[in-house]
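Chemist: Residues per chain are reported as follows:
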Amino acid sequence: MAWITKNSVAPIERRNEPYLSDELKRKLTDEVLTRYPTRRAATMPVLHALQEEHGWLPAQAIEEAAAFLEVSSAETMDTASFYEEYWLKPKGKYVIWVCQSLSCELLGHQRLIDALRNKLGIEVGETTPDGKFTLVTAECLGSCGSGPCALFNEKLHENLTVENLDRILDSLA
Amino acid sequence: MTPEELGKLAAKEQKARSACKHRVNVCCAAGCASMNSDKIKDDLQSAIKEKGIADQVQVRSVGCMGLCAAGPLVSIESEGKSVMYKGVTDGDVSEVVESLEGKPIERLNLPTDMPFFARQEKIVLENCGVIDPERIEDYIAVGGYAALIKALTEMTPAGVVGEITRSGLRGRGGAGYPTGLKWGTVAKSPAREGRKYIVCNADEGDPGAFMDRSVLESDPHRVLEGMAIAAYAVGATHGFLYVRAEYPLAIKRLKRAISQAQKIGVLGANILSTTFSFNLEIRLGAGAFVCGEETALIASIEGNRGQPRPRPPYPAEFGLWGCPTLINNVETFANIAPIVDRGFRWFASIGTDKSKGTKVFALAGKIENTGLVEVPMGIKLRDIIEDIGGGIPDGGKFKAVQTGGPSGGCIPKQYMDMPIDYESVKEAGSIMGSGGMIVMDESSSMVDVAKYFMEFCKSESCGKCVPCRVGTAQMYDLLEKIHKGEGASDDLAMLESLCELVSQTSLCGLGQTAPNPVLSTLRYFRHEYLELLRDGQKELAAAGADKGKDGAV
Ligand SMILES: Cc1cc2nc3c(=O)[nH]c(=O)nc-3n(C[C@H](O)[C@H](O)[C@H](O)COP(=O)(O)O)c2cc1C
Ligand code: FES
Numbered sequence: 202m203a204w205i206t207k208n209s210v211a212p213i214e215r216r217n218e219p220y221l222s223d224e225l226k227r228k229l230t231d232e233v234l235t236r237y238p239t240r241r242a243a244t245m246p247v248l249h250a251l252q253e254e255h256g257w258l259p260a261q262a263i264e265e266a267a268a269f270l271e272v273s274s275a276e277t278m279d280t281a282s283f284y285e286e287y288w289l290k291p292k293g294k295y296v297i298w299v300c301q302s303l304s305c306e307l308l309g310h311q312r313l314i315d316a317l318r319n320k321l322g323i324e325v326g327e328t329t330p331d332g333k334f335t336l337v338t339a340e341c342l343g344s345c346g347s348g349p350c351a352l353f354n355e356k357l358h359e360n361l362t363v364e365n366l367d368r369i370l371d372s373l374a
Numbered sequence: 010m011t012p013e014e015l016g017k018l019a020a021k022e023q024k025a026r027s028a029c030k031h032r033v034n035v036c037c038a039a040g041c042a043s044m045n046s047d048k049i050k051d052d053l054q055s056a057i058k059e060k061g062i063a064d065q066v067q068v069r070s071v072g073c074m075g076l077c078a079a080g081p082l083v084s085i086e087s088e089g090k091s092v093m094y095k096g097v098t099d100g101d102v103s104e105v106v107e108s109l110e111g112k113p114i115e116r117l118n119l120p121t122d123m124p125f126f127a128r129q130e131k132i133v134l135e136n137c138g139v140i141d142p143e144r145i146e147d148y149i150a151v152g153g154y155a156a157l158i159k160a161l162t163e164m165t166p167a168g169v170v171g172e173i174t175r176s177g178l179r180g181r182g183g184a185g186y187p188t189g190l191k192w193g194t195v196a197k198s199p200a201r202e203g204r205k206y207i208v209c210n211a212d213e214g215d216p217g218a219f220m221d222r223s224v225l226e227s228d229p230h231r232v233l234e235g236m237a238i239a240a241y242a243v244g245a246t247h248g249f250l251y252v253r254a255e256y257p258l259a260i261k262r263l264k265r266a267i268s269q270a271q272k273i274g275v276l277g278a279n280i281l282s283t284t285f286s287f288n289l290e291i292r293l294g295a296g297a298f299v300c301g302e303e304t305a306l307i308a309s310i311e312g313n314r315g316q317p318r319p320r321p322p323y324p325a326e327f328g329l330w331g332c333p334t335l336i337n338n339v340e341t342f343a344n345i346a347p348i349v350d351r352g353f354r355w356f357a358s359i360g361t362d363k364s365k366g367t368k369v370f371a372l373a374g375k376i377e378n379t380g381l382v383e384v385p386m387g388i389k390l391r392d393i394i395e396d397i398g399g400g401i402p403d404g405g406k407f408k409a410v411q412t413g414g415p416s417g418g419c420i421p422k423q424y425m426d427m428p429i430d431y432e433s434v435k436e437a438g439s440i441m442g443s444g445g446m447i448v449m450d451e452s453s454s455m456v457d458v459a460k461y462f463m464e465f466c467k468s469e470s471c472g473k474c475v476p477c478r479v480g481t482a483q484m485y486d487l488l489e490k491i492h493k494g495e496g497a498s499d500d501l502a503m504l505e506s507l508c509e510l511v512s513q514t515s516l517c518g519l520g521q522t523a524p525n526p527v528l529s530t531l532r533y534f535r536h537e538y539l540e541l542l543r544d545g546q547k548e549l550a551a552a553g554a555d556k557g558k559d560g561a562v
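The listed protein sequences correspond, in order, to chains X and D. Heads up, the first sequence stops at 374 in the numbering used here, and the numbers go up one at a time, no gaps. Heads up, the second sequence stops at 562 in the numbering used here, and the numbers go up one at a time, no gaps.
Isolated chain D (complex conformation):
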């Protein structure tokens, strides 16, 4: 297909869209699908046919609309107006069809101006819940693959790298490494035997994070397009999407998306009739969290156990089979097409000085509106928790939010007015991580949380280096001892010194950051540990005298 043909296809799709008086979108992402939204879609379709208005109404399955807890969700766009319905069941179908020509159904209505929707700013998720993820035509109709055309026909590879660099985009996989810098390194590294690789890290393993899954299920082409642009920019011809096997729906959607993209020629040989070729394939993980670490991921693709190796050399210079390899996260790739399309200035105008653009967060735990939200960097934690998240349910009180999964920590309420960006979150003793936010209320025990994450790290440690393998097990035992009320201050001191040792001497990020949940809960909620110690009263009394100082509650 040539760029012109692609343009025609987009125009045709747009025309078909606008010819319909009503567009009924049924969320069929994992959340709503598990509440049988597929059947609701089929029922809606038959009811509309029966009524004889099938030519005016388009019913389609779309990806995640974000507010998974209120599913199954249905949104209806009619001549510029839109309504959204929550908790739609089989029994509501005929009423929904009737309402197309009448008034919206009050009982099901989910106001789209509620802060949950109104305060978000969507880039990564802009197509989620709007297009049918199983149809490439839908993606093309909303401007999909236009950025790839632009890159291939109007920009040099170095120009693309420059655009990404100047946009200020930073990796969304956890560490926040500047994406343009990484691309530049891969672009400059000489290919080995003519080969360079692109890898999309979709091993999303942080407990509490599900944005990558949602993007892959709801807008898979966005990620493919980002990868193709990256391949052009750094001079790679082959790419891998490493997806965890626990995401069967995402895998299915990706497979379909890749074959559609190959068919119309936006992937494969001579893309869009240019000399650029890029082949992409899916590699399945098999249940090892550590494979999300980039060097372990490489080992896994090469056919070995997923064990990390020391860096440098970094994959950007020495990756898959020794070739320069660009590894980015799903959300990072999902940001690429909009940046190329709309320009770096637009992207750089969103967010803070050092953290540009938006970030997708997964809200879970003790919070009213659980689900996915995308907000500009720099938004206050309070805005996310109280406005967008709707606060703590059942009259509970906010205690802390866990971010960054097993590598992160708990941010307590005195940081409610902190802007959310890479640096501030780090200063508060946690990390941005992949974007999971698990909210905890007064009933949650922080020692429990620390113990939970340590158990996770212990069982996910790959066993290659001693500090992580043995250290996490020892720290877990100490936490359990304290948790049971059998610990003493010596144990707490030992725990703290192990935290230091493991973080300083482990081989990869898993071990280096495994102590973080303990350290951050100790920093802010030390009294909860002390209360459990056999001999904690003395220190507790001393801490009581300090009440009001930072952290001591």
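With the rest of the complex left out, here is chain X:
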């Protein structure tokens, strides 16, 4: 839920090397900024680019994005925290998105989630200690006719069973 607010107590971890490198800035300036009447409009493409580069969005990266977009950090954070697919914590090398929408539910998605929880030893929303897998749920992945289904990073797998799940996980090992 995008609207639940929390007090953040942890200080921002910082590093010297910027997340938004000069090279990325140049690329974004040439390819993205020119397309819009305002710099703010590039917020989502800039966040997507940073996430693609670093795997997630550390607070420092969001601050740098805000400076680049010439808006306040709070505004960029506001946008970033609204969307579920911006990762404000590190994620695993493979993110497993299990569809939890109605058709997949009717076709037994819970068995799938339980099998994944057992096998990976993590709960939904968590990442394995070795940083390899993150388990999350997603809304309808658009394969309702062949559920239950899940995205493994960008690869969609349909008609999943506990057995072929093992095979897929092993192939990613």
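Read the hints as simulated data drawn from the structure, not as lab findings. Don't take each hint at face value.
To be verified - Quick partial rundown of chain D residues pointing at chain X, CB under 10 Å, derived from the structure:
#1 Phe219
#2 Arg222
#3 Asn288
#4 Leu293
#5 Arg314
#6 Cys332
#7 Lys375
#8 Ile447
#9 Ser468
What the hints assert, rightly or not - Quick list of in silico lysine-lysine cross-link-like pairs, DSBU-like style, CA-CA up to 35 Å:
#10 D:Lys48 <-> X:Lys333
#11 D:Lys112 <-> X:Lys292
#12 X:Lys294 <-> D:Lys30
#13 X:Lys290 <-> D:Lys261
#14 X:Lys292 <-> D:Lys30
#15 X:Lys228 <-> D:Lys264
#16 D:Lys112 <-> D:Lys30
#17 X:Lys320 <-> D:Lys261
#18 D:Lys467 <-> X:Lys320
Remember, it's a predicted structure, so these values are computed and weren't measured experimentally. Every residue gets a Cβ at the ideal spot worked out from N, C-alpha and C, and that includes glycine.
Guided by the hints, dock chain D with the ligands onto chain X, whose structure is given.
Modeler: Chain D with the ligands in isolation, oriented as in the chain X frame:
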């Protein structure tokens, strides 16, 4: 490229096609691809090379053929005849190649005259499963971009708007707003600082709907062409395709399609050597259902949280950065080129009085043939479920079909003979929505379904307005209480009054329609709620006396 050059390209492609004795099409859309159809295609290609008949056989990957549940699908066209194979595996490859010159393989054969195929009428999906979505030449060979040429060279912008208006096309994104009327408004609104925008809404978020994904994966150029025609008609020069990030394959295909279209000059500056220019770019969503709502989508493109704002002003007058903005759904845009090409009369002759053309439905749940089907508006629900869908598997009995996702409702069996069009579906207490149909049999609990959708709305509420943010959470809690058997009639009464309140006072469609799944299940399956109440027996007994009346089962 000039129109003449494009015509030559089409002729060349058609010639290359007809020079081949056999055309083998392997479905490589997400469904079949997840069953490794890519590898089957490669294997087929090597086997054909080995056999030394590569010059007579064309193997290509095509988009969705519709019957995803029977994948991987392969269709073979040989000199006017065509066969279709289902469930093809690596082991079948050599047999398939052998069969090219012999008899079709009985074991794999999927009769193309089965009602699933025969009863469909394809406009939006006509190229899906026929062309290679990664080659613009394939699209051009089947007449692609001819409608754009026609619009640019033979029609005025007002003429195009008129054509769409008279065709009777209505928006396929859910509400069914007349497309021509919307185009007319954008066309009339003065540009702001010289700018107007076109947006294609590909945020397809309704659980159970996957037609937009399939069109984008299987025939991306159709959508680009529709957008370019729209831009010409309303006077826009820039467009956005807002695609949800959960559709990586669709995004990849679109990116490729846009760059191909720019290369041959059907997108970009001076399209087809005319003065018309149109630039198009993809914007990725990031997992927020509410961004499918048009004003939230605009906020998202502008770089803000995806929260809706009150309308009016409508985006058609005051959209992106305050400029007039035309927002249409993927399927709406996919209908444009055929209308311009074949004329409004042709389109208006299909469907019913108020709902013209066809509609793509996604069949899922407890139904034999899951997948995508395109049918003329006005077809009976029974024809979709029993004929095309093949009925309920495992001897089950039909109970209801959920349409319209979280904004829709459940249509029970007494409506089996209802024609499917915008008005009738609404009268039955649901909405057409984007076209998802989730079929449920006697084993499904309607309270479960209502609870599921309420949970969805609760977690997807953007939090801006109180009725939706708090109301959906309260309704969910009540549903859960009832579901657990802890509820009483007071709770049901409270639930009903909240439904009323939330639908009347929410800011956007998400909240306004969130109560629909509850209301429609209460209307037709009230006894299922009553059975769960601690004190439901009395009302249940009273309802029993009414048995046979509308809804009470
Ligand atoms: C909560 C909500 C979600 C929506 N999601 C979508 C969507 O995913 N795709 C879509 O085309 N329209 C969606 N709509 C409808 C759009 O607001 C808009 O009406 C539609 O894109 C207009 O296109 P059309 O006239 O071609 O139907 C949604 C509306 C609401 C209220
Ligand atoms: S419900 Fe799972 S893909 Fe649609």
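Chemist: Each hint needs a verdict: does it hold in this structure or not?
Modeler: Okay, the hints, checked on the actual structure:
1. Phe219: Holds - the Cβ of phenylalanine 219 of chain D comes within 10 Å of chain X, reaching about 4 Å at its closest.
2. Arg222: holds, 4 Å
3. Asn288: holds, 8 Å
4. Leu293: holds, 6 Å
5. Arg314: holds, 4 Å
6. Cys332: Since chain X brings a Cβ to about 9 Å from cysteine 332 of chain D, closer than 10 Å, the hint holds.
7. Lys375: With a closest approach of 7 Å, the lysine 375 of chain D hint holds.
8. Ile447: For isoleucine 447 of chain D, the interface hint holds, since the closest Cβ of chain X sits about 6 Å away, which is under 10 Å.
9. Ser468: Nearest chain X Cβ about 6 Å off; hint holds.
10. D:Lys48 <-> X:Lys333: holds, 27 Å
11. D:Lys112 <-> X:Lys292: violated, 53 Å
12. X:Lys294 <-> D:Lys30: Status violated; Cα separation ~47 Å.
13. X:Lys290 <-> D:Lys261: Holds: lysine 290 of chain X and lysine 261 of chain D sit about 26 Å apart, inside 35 Å.
14. X:Lys292 <-> D:Lys30: violated, 51 Å
15. X:Lys228 <-> D:Lys264: holds, 18 Å
16. D:Lys112 <-> D:Lys30: holds, 15 Å
17. X:Lys320 <-> D:Lys261: OK: lysine 320 of chain X and lysine 261 of chain D at ~32 Å, within 35 Å.
18. D:Lys467 <-> X:Lys320: holds, 30 Å
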